[in-house]
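Trainee: Sequence:
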Amino acid sequence: MPQPYLWTKLEQRGDAKVSGRSGHTLTATAAGLVLFGGVDGRLDCNENPAPNNDVYLLNINRTTATWRELRIPLAQRPPPRAMHSCTALSSNLLFFFGGCSSASPFVCKNDTWTLDVSTQTFKRIVCKGGETEDGEQLPESRL
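For the sequence shown, our numbering assigns the number 58 to the initial residue and increments by one for each residue that follows.
Do not rely on the hints blindly, as some may be mistaken.
[Stated by the list, open to error] Here are the computed lysine to aspartate or glutamate pairs in the DMTMM-like style, where the Cα-Cα straight-line distance is at most 25 Å:
no., residue 1, residue 2
1, K74, D101
2, K66, D111
3, K66, D168
4, K180, D168
5, K66, D97
6, K66, D101
7, K74, E126
8, K180, E104
9, K66, E126
10, K74, D111
11, K74, D168
12, K66, E104
[What the hints assert, rightly or not] Just the calculated beta-carbon pair ranges, DEER-fashion:
no., residue 1, residue 2, range
13, E68, P136, 31 to 41 Å
14, D173, P136, 31 to 41 Å
15, V183, C102, 42 to 52 Å
16, I182, L90, 33 to 43 Å
17, P130, Q60, 23 to 33 Å
18, A73, L146, 21 to 31 Å
The set of hints was computed from the structure by calculation and includes no laboratory data.
Heads up, the beta-carbon is just placed ideally off N, CA and C, and yes, glycines get one too.
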């Protein structure tokens, strides 16, 4: 019988080889955990860490973790980024905001995207600029 509060190393399975990374998001959905973006050791043309826009789905059971790359065409994904935020709006809809698209110098994003996990479709959400109907200022890009 499994012990409560005991760490267990899961066997990694699946056809996707997911590299170690930082600055990514890993968000729970009905289909599994969705990993997006981050920095994993790839470098840009100036030899600086380069964010990516990888998208993987992780399914976990008691003993194994199975990775699968979501085969969404690159042209339909958000631009590469790290240190962004992501939250689940529903069981299959994720909402992404911001992040950094370059490590040196930092270039901060101020864009918003959704991912429908059930259809594997990203959609850019265009937000009104300036201020809200109540006169509140919308946030600027930030680090």
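Trainee: If a hint holds in the structure, say so; if it does not, say that too.
Mentor: Here's how the hints hold up against the structure:
1. K74 x D101: 21 Å, holds
2. K66 x D111: 24 Å, holds
3. K66 x D168: At roughly 36 Å apart (the allowed maximum being 25 Å), D168 and K66 break the hint.
4. K180 x D168: The given pair, whose Cα atoms are some 11 Å apart, holds under the 25 Å limit.
5. K66 x D97: Holds, at about 21 Å.
6. K66 x D101: Outside the cut-off at roughly 33 Å; violated.
7. K74 x E126: Holds, at about 9 Å.
8. K180 x E104: 31 Å, violated
9. K66 x E126: 21 Å, holds
10. K74 x D111: OK: K74 and D111 at ~11 Å, within 25 Å.
11. K74 x D168: 29 Å, violated
12. K66 x E104: 34 Å, violated
13. E68 x P136: 31 to 41 Å: Because 34 Å falls inside the window, the suggested range holds.
14. D173 x P136: 31 to 41 Å: Once the Cβ atoms are compared, 19 Å apart, the range 31 to 41 Å for P136 and D173 is violated.
15. V183 x C102: 42 to 52 Å: 30 Å, violated
16. I182 x L90: 33 to 43 Å: The hinted range 33 to 43 Å is violated for I182 and L90, with Cβ atoms some 22 Å apart.
17. P130 x Q60: 23 to 33 Å: 44 Å, violated
18. A73 x L146: 21 to 31 Å: About 25 Å separates the Cβ atoms of A73 and L146, which means 21 to 31 Å holds.
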